[in-house]
Amino acid sequence: MLAPREMSRLLIAAQKDQMEPVIAELFRRGVFHIEDFVDQGKEGFEGFKIGMPLPGAGEQSSKLIKIRGIENTFMLDPGVFEPKVKVETSRMKDLIEKELPVVEQMVEDLVGDRSKLEARKKGLEDKIEELRPFTAVPIGLDLLQGYRTQTVFAGFVARNAEIPIPHETYFQPSKEGNLIVVVAPLEQREKVERILLDAEFRPISIPKEQGAAAPRIDEYRAEIADVEQQMKTVDTRIEEVKLNHSEFLLACDEFISAQVKKNEAPLRFATTNLAFVAEGWVPSSEVKEISDSLSEKTGGKVFVTELPIDIKEHAPPVEYQNPNFAKPTQMLMDIYSRPRYTELDPTLLVAIVFPIFFGFILGDLGYGLILLALSLGLRKFFKGEEGVMLLKVLRNAAISTIIFGILYSEFFGFELPWPPILPSRHLNIGGEGEGAGAAIPELLIITIWIGIFHITVGRILGIINHARQDHGSHRTKAILANLGWLMVMWGLLIAIWSAFPIPYMPNLTSFPTVAFGLNIATLIGGIMLILGILFIAMENTLEIVEIPTIVSHVLSYARLMAVGLSSVAIALVVNFIAIGMIIEPQLENLTPVGVVIVIFGILVLVIGQVLNLLLGIIGGGLHSIRLHYVEFFTKFYKGGGDKYNPFGMKRKFTED
Amino acid sequence: MADAVMTLEMVEASQVGLKALGAGLAVGLTGIGAGVAEMGIGSAAVGATAENKDLFGLVLLLTVIPETIVIFGLVVALLLLF
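If you read the protein sequences in the order shown, they are chains A and B.
Quick note: to get the working numbering, add 70 to the position in the first sequence (first position is 1).
Quick note: to get the working numbering, add 51 to the position in the second sequence (first position is 1).
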């Protein structure tokens with residue numbers, strides 16, 4: 071709990087001829103996190119070199135590239151594809167030799183056909199574009215070209231041009247541009263050209279076609295339709311191939327990827343001419359099993375030993391170890407940073423507190439039920455691992471929202487038939503609310519209490535972290551500094567409580583006065599404050615400028631109330647506009663027009679509530695996680711651990 | 052000045068009004084302040100994240116630091132109103 075999985079450092083050494091069985095066994099077990107050997111004069115590793123890949127790696131890599139190419143054309147994602155049956159690995163080799171080239175050829179042909187058709191369609195479309203301006207010209211296109219003594223200009227002009235030489239012209243003004251076709255004697259070409267250029271002439275090429283433009287366009291259109299038909303056939307063929315062979319392709323991908331991984335593993339080992347050494351991490355609980363199985367597979371020709379861990383030099387990889395309900399929250403942790411091996415892993419705390427914050431903010435039975443339905447219903451569409459985790463986080467948050475909705479007595483902003491158990495958030499929108507309205511000061515104080523406790527927990531975790539990670543005088547100072555921060559916060563609180571009575575907080579104003587009109591609580595608070603500041607200054611004097619953050623961080627928790635109230639306010643306003651202002655006045659005296667207005671009112675209600683729910687999810691989620699990242703984690707959490715990434719792979723499409 | 056005499060009700064009402072005005076100013080101005088402050092940090096943060104995704108946690112933290120100003124404004128507003 072609150073700690074990552076315990077790791078042990080293993081060293082595996084054997085003769086080179088045992089490399090293959092060792093790699094195969096490590097891959098099968100999938101628990102060994104290889105620490106890459108770096109060829110830089112590591113102590114004790116003089117004369118070692120990075121290993122060479124096992125034979126066959128290059129060929130398999132190129133096969134893999136081909137398969138991935140096909141997967142790309144099919145837009146296949148192994149992460150979201152659910153296989154129906156798994157292929158046995160013993161059959162895979164045979165299948166890859168025989169069936170894979172057939173499928174590859176088939177796909178290549180189809181894709182080739184398709185791109186040919188596409189090119190043809192493009193060509194036809196270009197021809198139509200060329201012809202289009204000439205649809206207005208009343209003579210055949212063959213009459214506009216092929217003269218020996220005449221020259222033909224066709225193009226667009228800004229205005230009609232007067233040409234003072236014998237010629238024939240056709241002018242068609244239009245919005246897109248004024249089409250002009252001029253036929254003039256060849257010897258006058260330059261003159262005509264100049265005149266046309268003065269009229270901002272933009273020439274267009276005359277298509278080499280017979281007859282009028284319009285019927286030609288129709289012919290080409292028919293041809294395009296034909297090509298499109300053919301494309302459709304090819305597409306259905308591609309779809310068919312995709313349907314029939316996706317699973318096989320992904321299985322090949324997986325199988326060959328596994329081969330490549332295995333063959334390339336020696337690149338991460340240290341080798342000599344005759345032997346190799348692999349260093350890495352395994353969970354401590356697996357050490358015995360993996361040592362036994364390795365020596366069994368190699369007939370005892372392998373040396374496996376557990377190395378001592380020097381935390382300063384080797385950072386063990388980090389694998390979370392959490393109860394099931396907290397696992398989805400690991401995603402939220404990874405967004406920030408994975409904990410270091412020696413650090414407390416706060417995932418469990420986040421998994422508990424995040425939904426509570428979310429529920430406190432959104433707190434509405436109706437929204438909670440919708441969110442719960444969404445998080446369960448969307449599971450079919452989210453197939454990637456991260457998506458599923460996100461949905462599970464959302465599910466936990468939704469359950470909490472439902473509970474808080476009951477406590478707040480809220481249902482889409484309406485009041486449920488019981489009075490709120492927590493302080494009410496029902497604002498008096500439109501002056502129509504009943505009862506006392508929202509109990510804002512109470513809510514404010516509750517959120518501040520939450521802040522005080524959350525930060526206190528953070529600081530205590532900080533003390534534990536420093537006690538575990540640091541050494542010598544630095545350790546004492548760091549612990550005292552954290553204690554100092556706690557003392558400043560609580561000292562300040564006690565001093566405030568002894569001066570002003572605040573609802574929902576201890577009242578220390580009636581304590582006996584000691585000196586200077588100050589009561590005993592003020593004095594204790596003051597002493598704590600000063601001691602705390604001293605402790606902080608002892609570690610780092612500059613930290614003193616940070617002391618105001620104590621106030622700002624605690625007050626920051628007021629957002630739990632503020633964001634929540636704003637979403638309640640929006641819900642109330644939407645309800646008031648839709649029901650109070652649009653629907654109800656019509657219902658008193660229903661007319662046909664009234665029915666339309668009522669439907670409009672319902673529309674306003676639904677759109678408003680959906681928007682508010684979206685805002686609520688974004689606001690509730692972001693602000694809850696922000697309170698963790700900024701206010702909570704800064705007290706104790708550094709992160710920056712390496713992900714535990716064991717050698718091996720999760721197999722989805724193949725099995726032994 | 053037409054009629055400078057103010058009744059007690061008028062004084063009370065204007066007190067309530069000025070309080071509301073103050074509360075509005077407290078939230079509104081701090082909101083603008085936080086927005087201006089987050090503008091620069093936010094754009095730099097997006098740039099940094101594009102370069103290195105691992106920075107996300109850190110830059111998110113930096114981006115939301117000025118948000119506290121609004122919370123202060125909000126607390127002041129609530130204290131004024133209630």
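A few of these clues could be false.
What the hints assert, rightly or not - Using 16 angstroms as the maximum straight-line C-alpha spacing, the simulated EDC-like pairs for lysine to aspartate or glutamate come out as follows:
# : chain 1 : residue 1 : chain 2 : residue 2
1 : A       : K312      : A       : E141
2 : A       : K708      : B       : D105
3 : B       : K104      : A       : E141
What the hints assert, rightly or not - With the C-beta cut set under 8 angstroms, the calculated list includes, among others, these residues of chain A facing chain B:
#  : residue
4  : K136
5  : G139
6  : I405
7  : S407
8  : I510
9  : I515
10 : W519
11 : G542
12 : I620
13 : S622
14 : S636
15 : A639
16 : R696
These are calculated hints, taken from the structure and not from any lab test.
Here a beta-carbon is modelled for each residue, glycine too, at the ideal position from N, C-alpha and C.
A quick look at each hint next to the structure:
1. This hinted pair checks out: K312/A and E141/A have alpha carbons roughly 9 angstroms apart, not beyond 16 angstroms.
2. The suggested pairing of K708/A with D105/B holds, with an alpha-carbon distance near 13 angstroms, which does not exceed 16 angstroms.
3. Under the criterion of a C-alpha separation no larger than 16 angstroms, the hint pairing K104/B with E141/A is inconsistent with the structure, at around 27 angstroms.
4. The closest approach between the C-beta of K136/A and any C-beta of chain B is roughly 30 angstroms, which is over the 8 angstroms cut-off, so the hint fails.
5. The criterion of a C-beta within 8 angstroms of any C-beta in chain B is not met by G139/A, whose closest approach is roughly 26 angstroms, and the hint is violated.
6. The interface hint given for I405/A holds, since its Cβ lies 6 angstroms from the closest Cβ of chain B, which is under the 8 angstroms cut-off.
7. Interface restraint check for S407/A: the shortest CB-CB distance to chain B comes to about 5 angstroms, inside 8 angstroms, so the restraint holds.
8. Look at I510/A: its Cβ gets to within about 5 angstroms of chain B, closer than 8 angstroms, so that hint holds up.
9. For I515/A, the suggested interface contact is broken, since its CB lies about 11 angstroms from the closest CB of chain B, more than 8 angstroms.
10. About 15 angstroms separates the beta-carbon of W519/A from the nearest beta-carbon of chain B, more than 8 angstroms, and the hint is not met.
11. With a cut of 8 angstroms, the hint placing G542/A at the interface with chain B is violated, because the nearest CB-to-CB distance is about 28 angstroms.
12. Taken as an interface hint, I620/A does not check out: its beta carbon lies about 12 angstroms from the nearest beta carbon of chain B, beyond 8 angstroms.
13. Given the 8 angstroms rule on beta carbons, the hint for S622/A holds: about 5 angstroms separates it from the nearest Cβ of chain B.
14. Here the hint on S636/A is broken, as its CB sits about 10 angstroms from the closest CB of chain B, past 8 angstroms.
15. About 13 angstroms separates the beta-carbon of A639/A from the nearest beta-carbon of chain B, more than 8 angstroms, and the hint is not met.
16. Using the Cβ-Cβ criterion of 8 angstroms, the hint placing R696/A at the interface with chain B is satisfied: the shortest such distance is roughly 5 angstroms.
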